[in-house]
Structure formats: structure tokens, C-alpha cells
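Undergrad: Now for the letters of each chain:
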Amino acid sequence: MRNPAGLKMSTPSDREILMTRDFNAPRNLVFDCWTRPELVKRWLLGPAGWSMPVCQIDLRVGGAYRFVWRHVLNGYEMAMGGLYHEITRPSRLVATESFDEKWYTGDALGTMVFTERNGTTTLAQTILYESREARDMVLASEMEKGVTANFDRLAHLLESGALASDA
Amino acid sequence: MTPSQLDVTFAALADPTRRAILARLMAGEASVTELAEPFAMTQPSISKHLKVLEGAGLISRGRDKQRRPCRLEAKPLEEANEWLEGYRRFWENRFQALDALLTELQAEPAKTRRPKRGEH
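One line per chain: the protein sequences are A and B, in this order. The first sequence begins at 1 in the working numbering and counts up one residue at a time. The second sequence begins at 1 in the working numbering and counts up one residue at a time.
Since the hints were derived computationally from the structure, they do not count as laboratory data. The structure presented is a predicted model; accordingly, all values stated were derived computationally and were not measured. All C-beta atoms in this analysis are idealised placements derived from N, C-alpha and C, irrespective of residue type, glycine included. Please note: incorrect hints may appear among the correct ones.
[As the list claims (entries may be wrong)] For each label pair, taking beta carbons as the anchor points, the in silico distance ranges come out as:
hint	chain 1	residue 1	chain 2	residue 2	range
1	B	Pro44	A	Arg117	37 to 43 Å
2	A	Asn118	B	Lys75	44 to 50 Å
3	A	Ile87	B	Pro44	49 to 55 Å
4	A	Thr122	B	Asp64	54 to 60 Å
5	B	Glu92	A	Arg132	23 to 29 Å
6	A	Gly106	B	Asp64	30 to 36 Å
7	B	Ser47	A	Met80	34 to 40 Å
8	B	Ser60	A	Ser131	28 to 34 Å
9	A	Asp58	B	Gly28	49 to 55 Å
10	A	Thr115	B	Pro16	30 to 36 Å
Model the full assembly from the supplied sequences, consistent with the hints where possible.
TA: Now the structure itself:
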């Protein structure tokens, strides 16, 4: 099933990016899918060709999480992690986030707010960067899209498989 | 693409004037004078930005001594984009996988232990 609302992006302030996405499920379930490693692994694991060798979650304030993905063919690896600042199941999750291979300076703080209406959960994820420059570096990618018509072997690899068939 | 190349590319892209210059150059090559015009900036300050962009390999300058037109070099941008777009697509793609998982989890309590089949 394809979600009708899709992923929306906006910039509520100089230092923020806001992403919103609807899910056809109650919010306690969506929250669990973000915070229980055995569930996280079932969707955050990449499609065919990717492995997720590390999925660690220490779900308490001050606890750490760490995710590592690896492409089995070319060994390309990306990793992210951070610390939980606030955990209010099922409505709110605040954590720092940092990619190992960073394209922006400083850490970012992610705030996830889960709201439920008529069985649909809206996830609003705000990422606050340390500076406008850091935020702009992330947004610069939007502009670059105009430059190049054909991206991205990686995207094709990512799109080529389905998680569910693998389970 | 090595991290240091990425650093150089993104450092160059971190400035709004430089991004605007690149956006202008997408429409075709331009001289420093032509570039300075819409930005209400002096030629020396535009030249400073152009040096950064040239150093990052994002633009090249023509050999014509008088005009030295600037043109966009797409390759580093493509590489940077490939890297970043990978992240964005990654999340889009993962959210679709989460949709599938949520559907599956909600079906589970209704039917106990339905044999696993090709999902959705």
C-alpha cells in the first residue's frame, strides 16, 4: 500500500527542517516501530543488497542509539547515532542525531511528534541544526537536483528491492 | 568521492550567494560583470566567491582574457547530489517499508499466525 500523504519537507525557521509523513496505523504502533530494535530492523533494514549490521537502542533519557547500514556489493557504509533527550510514548521522541560521514557542522537535534487522528498517525520530525549554514548545506541538495538529470545509482539500488519479501 | 572532496563541495555550497551564482550559471555561462549585476555586489566580492567555486571545481573560467566567462561544472555537484540524494531517497524508501510493516503488524492480532506469504 502506498501512503497517500507522502513525505513532505518544509523549513519552519532558519535552522530547521520539518518532515511530515502520515501512516495508516495508531501512533503507539508507529512509536514502537521507531524505538524497538526488533521492529526497527524490519523496516530500517535496507532493501535487497543492503544489510543493517548494527541496530542498537538504549531507550532511556541519556541512552544512545546507533544504526549502521552496509551495502553488500560495494561495502559502502553509512552510520548514524545519537542520544535520547526525551521519551514520551507514544507522542514524543527527542534525540540528537549525527551521521558518521557528516556534510554539516555540529550535531542536529531531532524532535518527533506523533499525532493520531481517525486511525492515521502523522509523524512530524523537526531537525534543528546548529547553524543556518549547516541547515543550508542540507537544503543545498534540493537545488542541486536541478543540475543533474540522472542521479544516483544508490537510489536505484535502494528502490530495487522490497523489504517484505525478505522477511 | 572522497570525504575531503565532499567537504570542499559542501563548504562551497554553504553560502547563499554562491548557490545563487550556481543557479544563474545553470542558465548558461556568464562574465563576472554579468554575475555581479543581479546580486548588487561589487566585482571584487563576486570574484572572491568565484574563486571559492573555482577552487571547489564547481565552475571553470573561459580562456578569453577579457571576459573569462564562468561556466558550471556539473560533475562535483552530481557527485555531491548523488551522496545526499541517497540519504533522502533512503528515508523515503524506508518509510514505504514502514508502511508495509505497519500493515503487517495490524493484521497479526486479527488472524493468529497467518502463514507468511509474499507480503503486500
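Undergrad: Determine for every hint whether it applies to the structure shown.
TA: Hints and how they fare:
no., hint, verdict
1, B:Pro44 / A:Arg117: 37 to 43 Å, "violated, 56 Å"
2, A:Asn118 / B:Lys75: 44 to 50 Å, "holds, 48 Å"
3, A:Ile87 / B:Pro44: 49 to 55 Å, "holds, 53 Å"
4, A:Thr122 / B:Asp64: 54 to 60 Å, "holds, 55 Å"
5, B:Glu92 / A:Arg132: 23 to 29 Å, "holds, 25 Å"
6, A:Gly106 / B:Asp64: 30 to 36 Å, "violated, 42 Å"
7, B:Ser47 / A:Met80: 34 to 40 Å, "holds, 39 Å"
8, B:Ser60 / A:Ser131: 28 to 34 Å, "holds, 30 Å"
9, A:Asp58 / B:Gly28: 49 to 55 Å, "holds, 54 Å"
10, A:Thr115 / B:Pro16: 30 to 36 Å, "holds, 33 Å"
Violation of the numbered hints given earlier is confined to hints 1 and 6; the remaining hints are satisfied by the structure.
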